[in-house]
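One line per chain: the protein sequences are A and B, in this order.
If you're matching positions, the first sequence starts at -19 in my numbering and goes up one per residue.
If you're matching positions, the second sequence starts at 77 in my numbering and goes up one per residue.
Calculated directly from the structure, the hints in this document are not laboratory data.
You may find that some hints are simply not true.
Unchecked claim - Computed from the model, here is a short list of chain B residues facing chain A with C-beta under 7 Å:
no. : residue
1   : Gly113
2   : Leu126
3   : Asp147
4   : Leu150
5   : Ala151
6   : Phe157
7   : Gly159
8   : Phe163
9   : Leu166
10  : Pro167
11  : Arg175
Computed from a prediction, not measured in an experiment: that's the story for all the values here.
In this text, a Cβ means the ideal position worked out from N, Cα and C, and glycines have one as well.
Each chain, letter by letter, is given below.
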Amino acid sequence: MTLITSPFAALGRTVLGFLAMIGRVAIFAGQAIGHIVRPPFYPREFLSALINVGYFSLPVVGLTAIFTGGALALQIYSGGQRFSAEAVVPQIVAIGMVRELGPVLVGLMIAARVTSSIAAEIATMKVTEQIDALVTLSTHPMKYLTAPRVLAAILVVPALVGIGDVIGIMGGYIVGTNQLGFAPGAYITNTWNFLEASDLISSLIKGAAFGFIAAVMGCYHGMNSGRGAQGVGRATKTSVEAAAVLILAANFLLTNFFFAT
Amino acid sequence: MIELNNVHKAFGSKRVLDGIDLTINRGESMVIIGGSGTGKSVLLKCVLGLMTQDSGTITLDGEDTSKVDRDAFLARFGMLFQGGALFDSLPVWQNVAFRLLRGSLKRPRDEAREIAVEKLRRVGLTPDVADLFPSELSGGMQKRVGLARAIAAEPEIIFFDEPTTGLDPIMSGVINDLIREIVVEMGATAMTITHDMSSVRVIADKIAMLHDGRIQWTGPVSEMDASGDPYVTQFISGSAEGPIEAVR
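When you get a sec, could you build the whole thing from the sequences and use the hints?
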């Protein structure tokens, strides 16, 4: 009998553990928001997080976007040729980058670069008793470590997404005008005329949501890391995996919300 | 006065603190000794509220520490952590002046820096150390910076967690002397946890021997050698023979 029931028991334990973790993450995210809006505030930590999350992510975001935009232009041109629709390259590059690839790629790059660094930093602080030291110095770790990073990510990732969108379109423009024979003026006019405000707004909202997810995952897994180097490594790995999956899931939900009707 | 009454703490089935009763009088330097893994750090963390005891009460000047205003409570404490626990991202002076740069004890930046440099001088470090980062310091220097941070806001109570762990005998002696001087000079209440007997003899007014989750013996340091308690005697002699099992 035990042989029959034990797989179900194991499955049950896994499901319960997963649900409990969702609950813990949700409570943590709620607390993070609460600490963002309640004093005391730490402007220096916020500015530092803003520079780390935003400014230092610019190279990776820019490079990712320009290559993706260029590749997208080539793919659309090649695919479009099959039904004589090569002319739509500027429009599809624009809509593809702004609505989908810009936010998702920037989100994933932020998960790789920022989530991992936040998780590793906070986890190291935990194992070296720096978090305990913060408490003994009358400083709430959620307020000092989590709130500035989450707020910075919510504010700066949409800006990165906007920049990624523009650079991605530029990548398509460079390939389109230099390799595929599009006229520069016509390419820009087609791009500009085709995009709508709602495309850009959805892109920026996705950026804010992805920034929130990336920062919360980094902070949560850092704060709850295990002991020693292995604990730090596991926290870092898990945070990036969780952030990437949640960003893709949130992207589906947001796309459904904005464009399903 | 810090009083612990029947304090219990367990992690799963492992009982770490099993009915601790201990009193530390104002201005007294209490050193808690015991082997590795006997719950000394857990005891200290319970007093500070970094961990919550399963049962029993801890009071500070008669007030239950679980019911007091946390900020006001922690403002009375300074703490030297075993590994220093300095913030890597901040220069030394900002580590020392951390409490003075934010919160209820906030001072102007220049004044906080002046105090930090003065505290660094007090622990034997020159002002040029102030702008270095913790990673640029040796272990002994990090301990001194940690000590400077613990005393920066002139707390009434200072906790020292294994203050000489990882230091050579000379640096250990320097840190022990500094701790004793500072505690006497400030008139602070001190609670130190250590298994270094040279620290005990320099720092302690009283000692408490922790083993099996209980205080096995407590008394003045002057009576320690003649205590007659088998746990204390074995611990002082460092012998493998006695009630404390060598393999734990």
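Legend entry - Hints the structure fails to honour: 1, 9, 10
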